[in-house]
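Peer 1: Residue strings, one per chain:
2 protein chains.
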Amino acid sequence: MPDQPTPTNPALEQAKAQFIQLWGASSANWGISRSLAQMHALLLVSPAALSTEELMAQLQISRGNASMTVRELMDWGLVYKELKPGERREYFVAEKDMLQVTRCIIRERKRRELDAMKRSLAQLAALPGDPADPEYREFHRVLGDIQQLTDSADSVLSGVMKAEKNWLIDKFLRMFL
Amino acid sequence: MPDQPTPTNPALEQAKAQFIQLWGASSANWGISRSLAQMHALLLVSPAALSTEELMAQLQISRGNASMTVRELMDWGLVYKELKPGERREYFVAEKDMLQVTRCIIRERKRRELDAMKRSLAQLAALPGDPADPEYREFHRVLGDIQQLTDSADSVLSGVMKAEKNWLIDKFLRMFL
DNA sequence: CACAAGTTTCAATAATTATTGAAACTTTTG
DNA sequence: CAAAAGTTTCAATAATTATTGAAACTTGTG
Numbered sequence: 001m002p003d004q005p006t007p008t009n010p011a012l013e014q015a016k017a018q019f020i021q022l023w024g025a026s027s028a029n030w031g032i033s034r035s036l037a038q039m040h041a042l043l044l045v046s047p048a049a050l051s052t053e054e055l056m057a058q059l060q061i062s063r064g065n066a067s068m069t070v071r072e073l074m075d076w077g078l079v080y081k082e083l084k085p086g087e088r089r090e091y092f093v094a095e096k097d098m099l100q101v102t103r104c105i106i107r108e109r110k111r112r113e114l115d116a117m118k119r120s121l122a123q124l125a126a127l128p129g130d131p132a133d134p135e136y137r138e139f140h141r142v143l144g145d146i147q148q149l150t151d152s153a154d155s156v157l158s159g160v161m162k163a164e165k166n167w168l169i170d171k172f173l174r175m176f177l
Numbered sequence: 001m002p003d004q005p006t007p008t009n010p011a012l013e014q015a016k017a018q019f020i021q022l023w024g025a026s027s028a029n030w031g032i033s034r035s036l037a038q039m040h041a042l043l044l045v046s047p048a049a050l051s052t053e054e055l056m057a058q059l060q061i062s063r064g065n066a067s068m069t070v071r072e073l074m075d076w077g078l079v080y081k082e083l084k085p086g087e088r089r090e091y092f093v094a095e096k097d098m099l100q101v102t103r104c105i106i107r108e109r110k111r112r113e114l115d116a117m118k119r120s121l122a123q124l125a126a127l128p129g130d131p132a133d134p135e136y137r138e139f140h141r142v143l144g145d146i147q148q149l150t151d152s153a154d155s156v157l158s159g160v161m162k163a164e165k166n167w168l169i170d171k172f173l174r175m176f177l
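From first to last, the protein sequence lines are chains C and H. Going left to right, the first sequence walks through residues 1 to 177 as the UniProt record's numbering numbers them. Going left to right, the second sequence walks through residues 1 to 177 as the UniProt record's numbering numbers them.
Everything labelled a hint here was simulated from the structure, so no lab data went into it. Glycine residues also receive a C-beta, built at the ideal position from the N, C-alpha and C atoms. Just to be clear, a hint being listed does not mean it is correct.
[What the hints assert, rightly or not] DSS-like mimics (lysine-lysine), calculated; alpha carbons at most 27 Å apart, straight line: (1) 110/C with 162/C; (2) 162/C with 81/H; (3) 162/C with 96/H; (4) 118/C with 118/H; (5) 110/C with 84/H; (6) 162/H with 96/C.
[Said to hold, decoys possible] Heads up, incomplete: computed chain H residues facing chain C, CB under 8 Å, no partners named: (7) 9; (8) 11; (9) 28; (10) 44; (11) 91; (12) 95; (13) 120; (14) 127; (15) 131; (16) 133; (17) 136; (18) 146; (19) 149.
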């Protein structure tokens, strides 16, 4: 059973820790748990696959938390299990291609949030009412405007998901700069 | 002091309540408080300006909460104060143009999150190290890739903020469909 | 200028959400 | 198949975040 073969460059370790910190701090803005964000950051900057033990140690979290969090990352498609031959223990690697990472996140959030929202809005908009009533008209106008917005968002996100590596950035830069 | 002049259509009121509910429920996904989302929804679907009292009553929240939440909405630029002549009380109206609303939200979130993130990433990337060390190389590659992503996001968001009413939707639809 | 009407603040508290840890479960191995 | 190694689950608890409500403050009024 070989120990960490890392030369443990202290400055680098500190920079990584800062990065994990930074990623963890912005978790609150995106409605995900701190552990999830931190574990993702850790796996992103680790060249080698990490075991549950290592995740627990590096992030200072419990086994239970590590187990649930790594599974959630796999659900998002952001992390893969890696079985080493002759090893009982499971190891985990992050998807490293950031375009792919972006696609995963967009796909999941679109499915969980945007699609659900669109369904609910459609249901609300189907409600009949007196078109002479200003309250009713206002309500329907707002609903319609929001639906336009969600539809646009849907188009954009679907487009991004299908996009090729450079196509996307090229188009965007051409479009906005 | 005139009472509510509303004919209070019960079906409509229920639909509005559902909308407020829906909006409030998705607050968790975006890192904002439920009160903030609900109050925004309420003001969006109200044709008339509402007083603090009315906000409190409709959302069933305390005066303190109402006061802080309405202020936060004004900080975002999503709600305006409306002073009625001869009235002491303050009234509040939402920005109703959804493109404008989108711009406000993008502007603020970009400022608070993206810009801050870019600064931190740049700082981390400036860290010197041994280019032969694979750990160091991996770390720098990830940082670089993320910076590319944040830069693209920046371009896109800046573009959206400047966009004209139909220009945006047209372009997007043309681009992605 | 004293009072009334309205607004803001913020420490205390409630509600929510994340995390732990131990027990149950699963899989591998001698 | 018993023990060992590893993983998952979930009720209990900790940590965090949102909300309340009462006191302080501000502004307009007779």
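Peer 1: Evaluate each hint against the coordinates.
Peer 2: Checked hints:
1. With a C-alpha separation of about 14 Å, the suggested pair residue 110/C and residue 162/C falls inside the 27 Å cut-off, and the hint holds.
2. Between residue 162/C and residue 81/H, the direct Cα distance comes to roughly 44 Å. Violation of the 27 Å bound is thereby established for this hinted pair.
3. Under the criterion of a C-alpha separation no larger than 27 Å, the hint pairing residue 162/C with residue 96/H is inconsistent with the structure, at around 33 Å.
4. For the given pair, residue 118/C sits about 32 Å from residue 118/H by alpha-carbon distance, which is inconsistent with the 27 Å threshold.
5. Proposed proximity of residue 110/C and residue 84/H is contradicted: the alpha carbons are some 42 Å apart, above 27 Å.
6. Restraint check for residue 162/H and residue 96/C: not satisfied, since their Cα atoms lie roughly 33 Å apart, outside the 27 Å limit.
7. Given hint, residue 9/H at the interface with chain C, holds; its Cβ is 6 Å from that chain's nearest Cβ, closer than 8 Å.
8. Taking 8 Å as the C-beta contact cut-off toward chain C, the hint placing residue 11/H at the interface holds, the least distance being around 7 Å.
9. Among the interface hints, the one on residue 28/H holds; its C-beta lies about 5 Å from the nearest C-beta in chain C, closer than the 8 Å criterion.
10. The interface hint given for residue 44/H is met, as the beta carbon of that residue sits about 5 Å from the closest beta carbon of chain C, less than 8 Å.
11. With its C-beta approaching chain C no nearer than about 16 Å, residue 91/H sits outside the 8 Å limit, and its interface hint is violated.
12. The beta carbon of residue 95/H comes no nearer than 12 Å to any beta carbon in chain C, farther than 8 Å, and the hint placing it at the interface is violated.
13. With a cut of 8 Å, the hint placing residue 120/H at the interface with chain C holds, because the nearest CB-to-CB distance is about 5 Å.
14. Hint status for residue 127/H relative to chain C: holds, with the closest Cβ pair at about 5 Å, below 8 Å.
15. Given the 8 Å rule on beta carbons, the hint for residue 131/H is violated: about 12 Å separates it from the nearest Cβ of chain C.
16. Annotation: interface hint on residue 133/H holds; nearest CB of chain C at approximately 6 Å, less than 8 Å.
17. Here the hint on residue 136/H is kept, as its CB sits about 6 Å from the closest CB of chain C, short of 8 Å.
18. Taking 8 Å as the C-beta contact cut-off toward chain C, the hint placing residue 146/H at the interface holds, the least distance being around 6 Å.
19. A cut of 8 Å between beta carbons decides the hint on residue 149/H: the least distance to chain C is about 5 Å, and the hint holds.
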